[in-house]
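Knowing the structure of chain A, use the given hints to seat chain B on it.
Taken in order, these protein sequences are the chains called A and B.
When we follow my numbering, the leftmost residue of the first sequence carries the number 1, and every step to the right adds one.
When we follow my numbering, the leftmost residue of the second sequence carries the number 1, and every step to the right adds one.
Source of the hints: derived by calculation from the structure; they are not laboratory data.
Heads up, some of the hints might be wrong.
Unchecked claim - Simulated pairs of lysine-lysine, BS3-like, Cα-Cα distance not exceeding 27 Å:
1) A/K128 / B/K139
2) A/K128 / B/K125
3) A/K167 / A/K553
4) A/K320 / A/K279
5) B/K91 / B/K139
6) A/K314 / A/K128
7) B/K189 / B/K125
8) A/K320 / B/K73
9) A/K551 / A/K518
10) A/K320 / B/K201
11) B/K125 / B/K139
12) A/K553 / A/K476
13) A/K320 / B/K139
14) A/K314 / A/K279
15) A/K467 / A/K553
16) A/K518 / A/K476
17) B/K158 / B/K189
18) A/K518 / A/K80
19) B/K139 / A/K314
20) B/K125 / A/K320
21) B/K91 / B/K201
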Amino acid sequence: MNEKFETHEHDVLIIGAGGAGLRAAIEALGQGATVAVVCKSLLGKAHTVMAEGGIAAAMANVDEADDWRTHFRDTMRGGKFLNNWRMAQIHAQEAPERVRELEQWGALFDRTSSGDILQRAFGGHTFKRLCHVGDRTGLEMIRTLQDRGVNLGIDVYMECAITRLLKDGERVSGAFGYWRETGRFVVFKAKSIVIATGGIGKAWRITSNSWEYTGDGMALAYEAGAELMDMEFVQFHPTGMVWPPGVQGILVTEAVRGEGGVLRNSEGERFMERYDPEKMDLSTRDVVARAIYTEVREGRGTEHGGAYLDISHKPAEYVKRKLPSMYHQFRELADVDITQGPMEVGPTCHYMMGGIRVEAETAQATVSGLFAVGEAAAGLHGANRLGGNSLSDLLVFGRRAGLGAAEHAKQSGPVTIDGEEVLEATREMLEPFERPAGESPYNIHRDLQEAMQNYVGIFRNEDDLTKGLSELDSLKARADRVRVEGSRLFNPGWHLARDLKAMLTVSEAVARSALARKESRGAHSRIDYPSYDEDWSRQNNVILREGDEMKLKQLHITETPDELRQILAEEKS
Amino acid sequence: MPDATFKIFRGDRGGGKLVEYNVPIATGMVVLDALHYIQAHQAPDLAVRWNCKAGKCGSCSAEVNGRPRLTCKTRMDALPLNEPITVQPMKSFPVIRDLVTDVSWNYRVNRMIPPFTPRADVEWKMDQRDVDRVQEFRKCIECFLCQNVCHVLRDHDKGEQFGGPRFFVRIAGLEMHPLDGLSRTDLLKDALGIGLCNITKCCTEVCPEDIQITDNAIIPLKERVVDDYYDPVRWFLRKLKGKKRK
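This is chain A alone, in the form it adopts within the complex (with noise of 0.2 Å):
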């Protein structure tokens, strides 16, 4: 190879920084491999830091019925049993006990009066389940496991953009990045790789997402052979903000509605009586979702297009203590005082419970070597996720996921770097520097979000997704010729460039998974399919690459097992 390239080499290569990565470059430190993180922004950025409510666990600190089964039956019913059930059960399993260990390595939750840790209701979890600090549980959890990495010895590279995976025959050998700062490339050796890069939400015009969420891990993956699935189930969170118009999209969290916080539409009525009379304003995200955006659609929205959200019910010192994020956020960008009166929120592109498609027990996917995990990761959310149920994922199955990568790299032997695809991935990156025309990447970017935001939105019929698909074939071909100006040196245009590829992959994957599913389950909603279809109940949409083309078939859930099956028929006690 090339002597050129700036190689780094190690048993385990992360990609992502989030609480996945991080809890997965612990795991897989402890096992004695060498281990990389990559980055695309600072470390302790991630979206991780972002998460608001908490982190599901049966600890049963509040509501001593709470135990493991409850919550596998939740997150079953939430995801409308089209989850991997061995995911569903390992991971109700396993959250307490890592709830615990993150405590051991410094975080500090909020308490009960006995003084253990406090939980709080969220939608869709029969019991007080939420492991939370105020409004802003997510920084906890990064920053905790950021430290405890960075003490262990975890080799970070930050702001550096993987583009390409490399492969050795059929198993993966590294992957070739770009530095953000400088604009060299890198070339990263290692015998397993665990893609931990989040989601999508930026393909969407009204996101909660950051510019990162442009669905790299996937795309990686996809372009490496691995396969994708249940890529029709994007959850749209139902508490965004709507006002003013620089803030839309932001999130609202769920802790609001925890606290005691409800809807309300135009008409002061509370509309999720006619929607979810039983979980009312904590019925599961897609329901909730769906019954805003109805409620706008029919004429009952707020001024600016959304519904109220209110919880200055509650005394402005309690809500001021267990919302302090909501309560800045509200002050400070929208000249609204939460404590006083209520807010206005819509629906906001958040979370894609679709991903790679990977092994319950060890998180690896259907490429030797290639682990994936969190939202990257498909299984464990089936068609709706719960909240609470994200930072719960992230650190059971980033934990197995770097054992898993360890073990893996532990039993294989030496691979190699495949020089020519170095070269092809550095000619890939610099043609957009090379075109004597073309367009910018921001209008492709707006133009893909309008295209996602109106075609594979929160409804979806058959007519939209043909035409979302067609666009995004003519908005393939625009990027194709996109141009960049400036120089290598910290070029978000160049950066932005690069992820478009990935975001329209992804799309894509999204977009023609969506058109097959001929049924309304969960996030999905096909106003010209609106109930459940028998067939479509067990099976999976997977997306997979063969040659050039993007293909999609079907795989058929695997039986749920007796005891389990038990579990799931027993009402709530």
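Then chain B, alone, in the frame of chain A:
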């Protein structure tokens, strides 16, 4: 609505200049929105760090009209629009490009701090009141604005002898953790040079999380250092028994 005029630093380690841009103003707009507008319409290569756009990640720090701010929380309607708004990178850190600075020094300082170390045989129970005190420090989003304004770093460039307010906050969070059993006063006194701070409170003023950095973190830590190293009785006991204080 009218346009606002911006003067934004464009350049790199080799130098640069303020470049003027006009941006249409919208209701509720923040400075980061304007920077994004400029990227999308006028300067696609304008280098800016940002992530959450909601004041939770601490990525978008810069100096707006000379004041260190998170650009995602700096409202346009709070700035005088009859004159150009200047946006410059944080002064205390070397420029990489445009508004992006090299903050890697902070990560090197952080590595020196011994982690949370629970006391032996501790029972994992804590009182909310004890937790409250420490949670204040754990609110820190690492925007490094406090480091940027601290005159020990900004004017005297003492980064090799001084840790800066961010890391005093971090250590306060560890030292006052109800179950931590380690003392870090030696590190505070020597490598991190807490004695160089003369409590002018510039850090507290710019903290977007309203952490009372000087009063609640730095002063109590200074007192611990004084107790451990300059109280003759304690000094003698420490010589006898070793460093542990809890």
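Evaluated hints:
Restraint check: the Cα-Cα separation between A/K128 and B/K139 comes to about 24 Å, which is no more than 27 Å; the hinted pair holds. With a C-alpha separation of about 19 Å, the suggested pair A/K128 and B/K125 falls inside the 27 Å cut-off, and the hint holds. Only pairs whose Cα atoms come within 27 Å are accepted, and A/K167 paired with A/K553 is accepted, the gap being roughly 24 Å. For a cut-off of 27 Å, the pair hint linking A/K320 to A/K279 stands: about 25 Å separates their Cα positions.
With a C-alpha separation of about 24 Å, the suggested pair B/K91 and B/K139 falls inside the 27 Å cut-off, and the hint holds. Between A/K314 and A/K128 the CA atoms are separated by roughly 19 Å; this keeps the pair inside 27 Å, and the hint holds. With a CA separation close to 31 Å, the supplied pair B/K189 and B/K125 exceeds the 27 Å bound. As the CA atoms of A/K320 and B/K73 are separated by approximately 19 Å, the hinted pair is consistent with the 27 Å bound.
For the suggested pair A/K551 and A/K518, the alpha carbons sit about 17 Å apart, so the restraint of at most 27 Å is met. Using a Cα cut-off of 27 Å, the hinted pair A/K320 and B/K201 holds, with the two alpha carbons roughly 25 Å apart. With a C-alpha separation of about 21 Å, the suggested pairing of B/K125 with B/K139 holds against the 27 Å cut-off. Between A/K553 and A/K476 the CA atoms are separated by roughly 23 Å; this keeps the pair inside 27 Å, and the hint holds.
A threshold of 27 Å between alpha carbons decides the hint, and for A/K320 with B/K139 the separation of about 14 Å falls inside it, so the pair holds. Among the hinted pairs, A/K314 with A/K279 is consistent with the structure: their alpha-carbon atoms are about 20 Å apart, no more than 27 Å. Proximity of A/K467 to A/K553 is assessed by CA-CA distance (about 21 Å); at most 27 Å being required, the pair is judged to hold. Of the pairs offered as hints, the one joining A/K518 and A/K476 holds, with about 26 Å between alpha carbons and a cut-off of 27 Å not exceeded.
The straight-line distance between the Cα atoms of B/K158 and B/K189 is roughly 15 Å, inside the 27 Å bound, and the hint therefore holds. Note on A/K518 and A/K80: the hinted pairing holds, with a Cα-Cα distance of about 15 Å set against a maximum of 27 Å. For a cut-off of 27 Å, the pair hint linking B/K139 to A/K314 stands: about 24 Å separates their Cα positions. In summary, the hint linking B/K125 to A/K320 is supported, as the alpha carbons are separated by about 24 Å, within the 27 Å threshold.
This hinted pair checks out: B/K91 and B/K201 have alpha carbons roughly 18 Å apart, not beyond 27 Å.
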